[in-house]
Amino acid sequence: NAGVTQTPKFQVLKTGQSMTLQCAQDMNHEYMSWYRQDPGMGLRLIHYSVGAGITDQGEVPNGYNVSRSTTEDFPLRLLSAAPSQTSVYFCASSYATGTAYGYTFGSGTRLTVV
Amino acid sequence: ILNVEQSPQSLHVQEGDSTNFTCSFPSSNFYALHWYRWETAKSPEALFVMTLNGDEKKKGRISATLNTKEGYSYLYIKGSQPEDSATYLCARNTGNQFYFGTGTSLTVIP
Chain C
16 NAGVTQTPKF
26 QVLKTGQSMT
36 LQCAQDMNHE
46 YMSWYRQDPG
56 MGLRLIHYSV
66 GAGITDQGEV
76 PNGYNVSRST
86 TEDFPLRLLS
96 AAPSQTSVYF
106 CASSYATGTA
116 YGYTFGSGTR
126 LTVV
Chain X
113 ILNVEQSPQS
123 LHVQEGDSTN
133 FTCSFPSSNF
143 YALHWYRWET
153 AKSPEALFVM
163 TLNGDEKKKG
173 RISATLNTKE
183 GYSYLYIKGS
193 QPEDSATYLC
203 ARNTGNQFYF
213 GTGTSLTVIP
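Listed in order, the protein sequences are those of chains C and X. If you read the first sequence in my numbering, its first letter stands for residue 16, the second for the next number, and so on. If you read the second sequence in my numbering, its first letter stands for residue 113, the second for the next number, and so on.
Heads up, some of the hints might be wrong.
[Claimed, not checked] A short list of chain C residues far from chain X (calculated; beta carbon distances all over 10 Å):
1. 22
2. 41
3. 43
4. 48
5. 65
6. 73
7. 84
8. 95
9. 119
10. 122
11. 127
12. 128
[Stated by the list, open to error] Residues from chain X shown here face chain C by an in silico Cβ test under 10 Å; the list is partial:
13. 116
14. 118
15. 122
16. 170
17. 172
18. 174
19. 198
20. 212
21. 214
[What the hints assert, rightly or not] Computed list of lysine to aspartate or glutamate pairs in DMTMM-like fashion (alpha-carbon distance at most 25 Å, straight line):
22. 24/C with 157/X
23. 171/X with 151/X
24. 29/C with 41/C
25. 154/X with 41/C
26. 154/X with 74/C
The set of hints was computed from the structure by calculation and includes no laboratory data. Since this is a predicted model, take the numbers as computed values, not measurements. From the three backbone atoms N, C-alpha and C, an ideal C-beta is built for every residue, glycine too.
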């Protein structure tokens, strides 16, 4: 099983550039989400989706867009990159929302905005 | 923001010692409490999901307890080994959203 696959693993962007971080899972998970991880802070939720065609904002959504056209894919778009978006990004999925299911995390994307 | 707090922030123990650390969370709107193990240069891996007050879960030498009324969970490691060195994250699930703590970094000294 591939699990949750994130690409790219590393990326350097210039301020103002846009890009898409890819996330795909092959476990038929309904719930997918994007987190960013910054030093001294816990994982913070950017956006999440409870199923194809449904997305919602998390704790820190500004500057990011998502879409969920299929169950498998949940790309994260940076519209106009800013140095404050330098971070490590994790995609995670779960069989369902709520109680009994933990996350499966991708391996992360380390993004630097210069 | 519904804060999840973990303590201590970091911990060094000798091989063979037992240890424990705490996750505190608001007790309102509680659905589940998750524990994850996060090794350096890897992604977090799920350890436990607990939903009911008084829940206890165990996996090998690692166990966890949950008190939803007072809003805390303990993670215990018995007879720590160097391979237990990692950051242990807890996360509170309020339905569709997870709120993570900043983790407890455990180093087990051989």
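Do the hints match the structure? See the list:
1. 22: holds (14 Å)
2. 41: Since the minimum Cβ distance to chain X is about 16 Å, residue 41/C lies beyond 10 Å and the statement holds.
3. 43: At about 17 Å from chain X, residue 43/C clears the 10 Å cut-off, so the statement holds.
4. 48: violated (8 Å)
5. 65: violated (6 Å)
6. 73: violated (6 Å)
7. 84: holds (20 Å)
8. 95: holds (26 Å)
9. 119: violated (7 Å)
10. 122: violated (5 Å)
11. 127: The claim holds: residue 127/C sits with its nearest Cβ about 17 Å from chain X, beyond 10 Å.
12. 128: Holds, since 22 Å exceeds 10 Å.
13. 116: holds (7 Å)
14. 118: holds (8 Å)
15. 122: With a closest approach of 12 Å, the residue 122/X hint is violated.
16. 170: violated (16 Å)
17. 172: violated (17 Å)
18. 174: violated (14 Å)
19. 198: violated (14 Å)
20. 212: Because about 4 Å separates residue 212/X from the closest Cβ in chain C, which is inside the 10 Å limit, the hint holds.
21. 214: holds (5 Å)
22. 24/C with 157/X: Within the cut-off at roughly 18 Å; holds.
23. 171/X with 151/X: holds (17 Å)
24. 29/C with 41/C: Violated, at roughly 32 Å.
25. 154/X with 41/C: Since the Cα atoms of residue 154/X and residue 41/C sit roughly 19 Å apart, the hinted pair holds (cutoff 25 Å).
26. 154/X with 74/C: It holds: about 24 Å lies between the C-alpha atoms, which stays within 25 Å.
In summary, the structure is inconsistent with hints 4, 5, 6, 9, 10, 15, 16, 17, 18, 19 and 24 from the numbered list given earlier, while agreeing with the others.
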